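Given the sequences, and given the hints that come with them, work out the whole structure.
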Amino acid sequence: MAQETRNAYGEELAKLIVENKDIVVLDADLTKSTKTIEAKKACPERHFNAGIAECNMMGMAAGLAASGKTVFASSFAVFAAGRAFEIIRNSICYPHLNVKVCATHAGLAVGEDGASHQAIEDVSLMRTLPNMRVFVPCDQYETKAVIDYVAKTEGPCYVRMGRGKVEDVYDENKKFDFTKVDVIRKGKDVVLFAMGLMVQEALKAAEEIDATVVNVCSVKPIDEESIKELLASHKEAYTCEEHSVIGGLFSAVSEIKAKTSITTPVTPIAVMDTFGESGKMKDVLKKYGMTAEHIIEVVKK
Amino acid sequence: MDVNGLKQHALNIRRNIVTQVYTAQSGHPGGSLGCADILTYLYFEEMDVNKDNAGSASRDRFVLSKGHTSPALYATLYEAGIINEDLKSFRQLGSNLQGHPNMNYVKGVDMSTGSLGQGISTAVGMALANRLDANGKRVYALVGDGESEEGLVWEAMMAAGHYKLADFCVIFDLNHLQIDGNIEDVMNPTPLDKKAEAFGFNVVECDGNDFESIAKAFDAFHKEKEKPTAIIAHTAKGKGVSFMENNYAWHGSAPNEEQYNQAMEDLKEVK
Numbered sequence: 001m002a003q004e005t006r007n008a009y010g011e012e013l014a015k016l017i018v019e020n021k022d023i024v025v026l027d028a029d030l031t032k033s034t035k036t037i038e039a040k041k042a043c044p045e046r047h048f049n050a051g052i053a054e055c056n057m058m059g060m061a062a063g064l065a066a067s068g069k070t071v072f073a074s075s076f077a078v079f080a081a082g083r084a085f086e087i088i089r090n091s092i093c094y095p096h097l098n099v100k101v102c103a104t105h106a107g108l109a110v111g112e113d114g115a116s117h118q119a120i121e122d123v124s125l126m127r128t129l130p131n132m133r134v135f136v137p138c139d140q141y142e143t144k145a146v147i148d149y150v151a152k153t154e155g156p157c158y159v160r161m162g163r164g165k166v167e168d169v170y171d172e173n174k175k176f177d178f179t180k181v182d183v184i185r186k187g188k189d190v191v192l193f194a195m196g197l198m199v200q201e202a203l204k205a206a207e208e209i210d211a212t213v214v215n216v217c218s219v220k221p222i223d224e225e226s227i228k229e230l231l232a233s234h235k236e237a238y239t240c241e242e243h244s245v246i247g248g249l250f251s252a253v254s255e256i257k258a259k260t261s262i263t264t265p266v267t268p269i270a271v272m273d274t275f276g277e278s279g280k281m282k283d284v285l286k287k288y289g290m291t292a293e294h295i296i297e298v299v300k301k
Numbered sequence: 302m303d304v305n306g307l308k309q310h311a312l313n314i315r316r317n318i319v320t321q322v323y324t325a326q327s328g329h330p331g332g333s334l335g336c337a338d339i340l341t342y343l344y345f346e347e348m349d350v351n352k353d354n355a356g357s358a359s360r361d362r363f364v365l366s367k368g369h370t371s372p373a374l375y376a377t378l379y380e381a382g383i384i385n386e387d388l389k390s391f392r393q394l395g396s397n398l399q400g401h402p403n404m405n406y407v408k409g410v411d412m413s414t415g416s417l418g419q420g421i422s423t424a425v426g427m428a429l430a431n432r433l434d435a436n437g438k439r440v441y442a443l444v445g446d447g448e449s450e451e452g453l454v455w456e457a458m459m460a461a462g463h464y465k466l467a468d469f470c471v472i473f474d475l476n477h478l479q480i481d482g483n484i485e486d487v488m489n490p491t492p493l494d495k496k497a498e499a500f501g502f503n504v505v506e507c508d509g510n511d512f513e514s515i516a517k518a519f520d521a522f523h524k525e526k527e528k529p530t531a532i533i534a535h536t537a538k539g540k541g542v543s544f545m546e547n548n549y550a551w552h553g554s555a556p557n558e559e560q561y562n563q564a565m566e567d568l569k570e571v572k
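So the protein lines, in turn, are chains A and B. Residue numbers for the first sequence follow the numbering used here, beginning at 1 and rising by one. Residue numbers for the second sequence follow the numbering used here, beginning at 302 and rising by one.
Mixed in with the good hints, there may be bad ones.
In silico EDC-like links for lysine to aspartate or glutamate, alpha-carbon gap of 16 Å or less [stated by the list, open to error]:
id : chain 1 : residue 1 : chain 2 : residue 2
1  : B       : K465      : A       : E45
2  : A       : K286      : A       : E112
3  : A       : K165      : A       : E112
4  : A       : K282      : A       : E112
5  : A       : K280      : A       : D113
6  : A       : K21       : B       : D434
Derived DEER-like restraints, expressed as beta-carbon distance ranges [as the list claims (entries may be wrong)]:
id : chain 1 : residue 1 : chain 2 : residue 2 : range
7  : A       : N20       : B       : D494      : 36 to 44 Å
8  : A       : E19       : B       : K526      : 31 to 39 Å
9  : B       : K495      : A       : K286      : 52 to 60 Å
10 : A       : E229      : B       : L394      : 37 to 45 Å
11 : A       : T274      : B       : S359      : 49 to 57 Å
What the hints contain is simulated information worked out from the structure, not anything from laboratory work. Only a predicted model underlies this, so the values are computations on that prediction, with no experimental measurement involved. Just so you know, even glycine gets a beta-carbon here, dropped at the ideal spot from N, CA and C.
Right, dumping it as structure tokens:
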């Protein structure tokens, strides 16, 4: 089946807000898009609309968290991680407050809205903040599990979700362990590290190139030990991300490698330091190389 | 209200403000001295905070949105017996008394602040939480006049007005000076009263260096049951130290030994 990760977020949050009286949800005039409207329907008294004022939404989130609340704050990734960056830094991460920044519409997959709305640097921005945890779930099941996990994890968390439908990678029986990377497929010489919707593309590509596919959902903290072992046990490594080549998964894996004597080359499949553009989700993703075909092409080169 | 008692607390606080900045040879004495009477009133008259409940969140809370005046907050918490830190460690390596306050390091600091505009925004969140918890507690935010050039201040004001947070009080410290000079010359944020009113606030003015006047303003806040309250507090930057008063040069610079001695002489006794 295919489902939007943001839909899974909306469903899970609507469940959690009823179960946990400490949860408060904030949104910035995008409740129907981010799907926090489901939480609002379930519990209107603990859902607040901050209006089109993302910076104040993050400030309010910090204040609510300083009062003992578990706060979920949602907007599009470009506004949540971008516009409100410094509020997240100084009022949420520095005081280590219990705010879950759950951003939707991340990456090029936003499609038609174009470059102004396509956050390709959010993981980079959030990963650099002390105390922040960063998660990029790849499908509806992983999204629900991540939302459950961050709700129970004390401190600031960033969850990156998309706009469009993505194929299921897992099913409802999957037991997730976000302290570890998930080796979904074992191949021979090539290892593909992927996050978000590139996990599906990596899996498709792996059929043709017999690659190991590793889902890196928790980009921070990152499972250094497994990544080191996977780098050492393969001849070539590739990182696959619908995100800038600067500061995201390629950087995270390269940083780990740089601290070792491992010689396996790491090649990025990413947004190559450029803005995106308007177009249908599939067309934009194809043009910027976010496809199994492009992964195969790069690996075979 | 024991005005003479408050004046003595304020004097002790001012002496410790100057001592912190002098010892560190760094910090913001002008604005700290200017808001010392407001902090004194808040911690010795207005709020239900004391050394026993300071560690809990179910009490009135204060957010120093103008976080650079941390010497005033530290000196006030010290005067109230809430903290027992060595004030002379202010801004020194390893000290809990950071240049701008950190809520996790210092008991009684209700929010980490320093980046202007953010404190008031977090205070609005606290007031929302109080409403959810129906605990009847109040939240206070002290915002600088220069700080109110930040757009986030007005996003927060809009939210407080929108949610009709009647237990929320913002105090604008109107001393007319910022780092680069007069606020009217740098980027004029006035009139603050009309702006606050337009954002749905009950607006009160006071002399922020006069306890009788401050008391009346907070009384007006208590009486207001529908809207949040904005107190426009007229203060003198550098209040109490003759050569610092109303001089923007003392926004962020430390006195030398001679100046320190002069300041302590100025702050010798209650006037």
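Verification of the supplied hints:
1. With a CA separation close to 15 Å, the supplied pair B/K465 and A/E45 stays within the 16 Å bound.
2. For the proposed pair A/K286 and A/E112, the alpha carbon gap of about 14 Å is at most 16 Å, so the pair holds.
3. For the given pair, A/K165 sits about 15 Å from A/E112 by alpha-carbon distance, which is consistent with the 16 Å threshold.
4. Proposed proximity of A/K282 and A/E112 is supported: the alpha carbons are some 10 Å apart, at most 16 Å.
5. Under the criterion of a C-alpha separation no larger than 16 Å, the hint pairing A/K280 with A/D113 is consistent with the structure, at around 9 Å.
6. Of the supplied pair hints, the one linking A/K21 and B/D434 holds, its CA atoms being roughly 11 Å apart against a limit of 16 Å.
7. As the Cβ distance of A/N20 to B/D494 is approximately 42 Å, the hint placing it in 36 to 44 Å holds.
8. Distance hint check for A/E19 and B/K526: the Cβ-Cβ separation is about 34 Å, which falls inside the suggested range of 31 to 39 Å.
9. For B/K495 and A/K286, the hinted distance range of 52 to 60 Å is satisfied, since their beta carbons lie about 54 Å from each other.
10. The hint said 37 to 45 Å for the Cβ distance between A/E229 and B/L394, and at roughly 39 Å that hint holds.
11. Taking 49 to 57 Å as the suggested C-beta distance range, the pair A/T274 and B/S359 conforms, at roughly 51 Å.
In this structure, none of the earlier numbered hints is contradicted; all agree with it.
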